[in-house]
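Chemist: For reference, the chains in residue letters:
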Amino acid sequence: MSDGTLWLGCALAAGGVAVLRLSWGRPHRDRGLNALGWAGIAGGTLLAGLSEGAWGVAVAVLCATSAAALLLAHSAVEKPRAARRSAPTVRIAASAARPARPIHGLTTFVLGGPLALAVAVVLALAIRVAAMRWPVAEADGNVMVLALVPLLWPLLAFAMLMTERRRAQFAMLLVPLAGAAVPLLLLGSAA
Amino acid sequence: MSALLSKDIVRRGVAAHSAIGLVCCALLYLICVSGATIVLYEEFQRLEQRDAPEMDSIAPQAVERAVAAVVASEAGQAPTTHLYVHMPSEALPRTTITTDTQAVHVDATGAIAVPEENAWSEFLLALHYRLNLPPVWGMTLVGMFGAMIVALGVSGVVAHPRIFRDAFRLRARRKDEIATLDWHNRLAVWTLPFALAIALTGAMIGLFYVAGFSLAATAYDGDSDAALAPVFGAEGEADPAPAPLPRVAPVLAHMAREYPAVRVSYVILHDPGTRGQHVQVIGEHARRLVFGEYYHFAPDGTFEGTTGLADGEAGQQFAASIYNLHFGNYGGLPVKIAYIVFGVALGVVVATGTFIWLDKQARKGRPRPLVRAGWWGVTLGVPLAILATLIARLALGNGAPFVAIFWAVTVATVGLAIARRRVRTRRRLPPANPEYAR
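Chains as they are written, first to last, in numbering that gives the first Met the number 0: chain G, 0 to 190; chain F, 0 to 437.
One or more of the hints may lead you astray.
Claimed, not checked - One side only, chain G facing chain F, incomplete, derived with CB under 8 Å:
1. K78
2. L114
3. L116
4. D139
5. P149
6. L150
7. L154
8. P182
9. L185
10. L186
Since the hints were derived computationally from the structure, they do not count as laboratory data. For each residue, glycine too, the CB sits at the ideal point set by N, CA and C.
Input sequences plus hints: build the corresponding full structure.
Modeler: Structure below.
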């Protein structure tokens, strides 16, 4: 693959963003243009990846994001349409607001913070143990732990914040913990 | 998108997004601003010490002479365990030798020129990496905030049902709450791939003390070096018996002859001057995200092999790509500029996110003028404080107390903003004897 393929990929990715701008700016949804825009971004990134691997993908994504930044900069300096009257500021009655519950908030913080992090670590270690028996290389298994913890923890914390029931939050911690215990107890943590 | 997510899910998504954002906002903003600044780490070092000798390249014999001169300058002290030779690069065309106790620039002949003076750049790096805290605590805290950016990204998408329809709608000239909301949503949406990439890589680096130490504790008897050895290679067996310094010139000659496309970025001497010594070269591969490949050499310059960061296991290549992907040093100045712009955008997203929450609180009848003033203080104070440290560097030199200046200016700006707001609120207070009571 050549430089040309890389730059074609970058141009396609950036062009895809421009096509989406055109499509989403229309009063009615245009499925053809939408598909063309997404195809441009996906195809361009793929092409850059085929040409230069992960480096090419990173460069193509930066090109697409830069194109979006330029289009946004244009939108930012555009004069706002005066046709619609701005919605009046909606005042929500203070009485409708929930009273502050500091203990409740602290419990949620502890569950979604340190406890969810601990569960994410145990889960990542269990996935490594299972993967090593698959088998994957030791380097892959170890990097898996380093990469999974920062991914699993925020997803778990987010999932816990999406539910308001305390029991469901505890279940979100205990179920993965029990699942992780199976490979760790059966195969040992050093596997 | 709106069809996929019910109103209730969106409501809970907004609540989760707000909760995470509020807990993290101030330090997250600081991490974003310092991160956008530190992209120019190498350029800042040149700015800090303009009189250091610069060169496009340096001869292998000159490097060998420089190593000998630096080791000789430390005669009588405890021998250094590592000696790093930074080879001239496009962004930092200087040859710099760092040991356990000192760092010096050398000239093109290999003579020691001047001590390295880059305390401001190092301060900025430490601010971003560990918030000027001890490494274990600071890096872990920063890593946690990186993970929270991932949670904010996911919750932000869920909380934003018109994510595609409004993707280019930026009503910035309205200068009201809608404009703040648009800035937040539009910048967040378009910088999402960038934000996820730097957040995940940053969290991987920062959470090493949690993830890596847990791995070491459970699988390697607590030896974290052993846990990393399959990825980055292991240190050789130490043998403190004295030995002549290793030959660096044949090493560099071998690299130039056998790997002409590889740019040597560092030469690392492990336990120099002992029988356990060995030489490692970090070679940069063009158009790769990996920071380089480790090339190993015996003390006499004989090539012994590579670690496999560039062509080994997928995990090795992945781990070696994290640093460049996070710091944006894989495509020269254009990529660095893009990282600065998107980093600033991420800072704007964090800043506007808190203002949006404050606006919402005001609409609920709970205006928080002092918190708003304090947040303005943080928003302006952090970049002002960084600027103050730069001015201190230029005015006072390398020994300026950057950490104290930074935090003092930040805290003072926040305090000033709150105090100013208090005075204004007092002036607007209704008279003690209101009209209806007269």
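Chemist: Is the interface hint for L185(G) satisfied, with its Cβ closer than 8 Å to some Cβ of chain F?
Modeler: The hint is violated - L185(G) has no Cβ within 8 Å of chain F, the shortest such distance being about 15 Å.
Chemist: Can the hint on K78(G) be confirmed by a CB-to-CB distance to chain F that is less than 8 Å?
Modeler: holds, 6 Å
Chemist: So, as I understand it, the hint says P182(G) touches chain F; can you test that by seeing if any CB pair is closer than 8 Å?
Modeler: violated, 12 Å
Chemist: Given L114(G) as an interface hint, is its Cβ closer than 8 Å to any Cβ of chain F?
Modeler: Where the cut-off is 8 Å and the nearest Cβ of chain F is about 13 Å from L114(G), the hint is violated.
Chemist: Hold the hint about D139(G) up to the distance rule: shortest CB distance to chain F must be less than 8 Å.
Modeler: holds, 4 Å
Chemist: Please verify that hint: L186(G), Cβ, nearest Cβ of chain F, below 8 Å or not.
Modeler: violated, 11 Å
Chemist: Let's test the interface hint: is any C-beta of chain F closer than 8 Å to that of L150(G)?
Modeler: holds, 7 Å
Chemist: Using Cβ atoms only, decide whether L116(G) comes closer than 8 Å to chain F, and label the hint accordingly.
Modeler: holds, 7 Å
Chemist: Restraint: L154(G) near chain F, CB-CB cut 8 Å. Satisfied or not?
Modeler: Where the cut-off is 8 Å and the nearest Cβ of chain F is about 7 Å from L154(G), the hint holds.
Chemist: May I ask you to test the interface hint for P149(G) with respect to chain F, counting a Cβ-Cβ separation under 8 Å as satisfied?
Modeler: holds, 3 Å
Taken one by one, the earlier hints fail for this structure at numbers 2, 8, 9 and 10, listed in ascending order.
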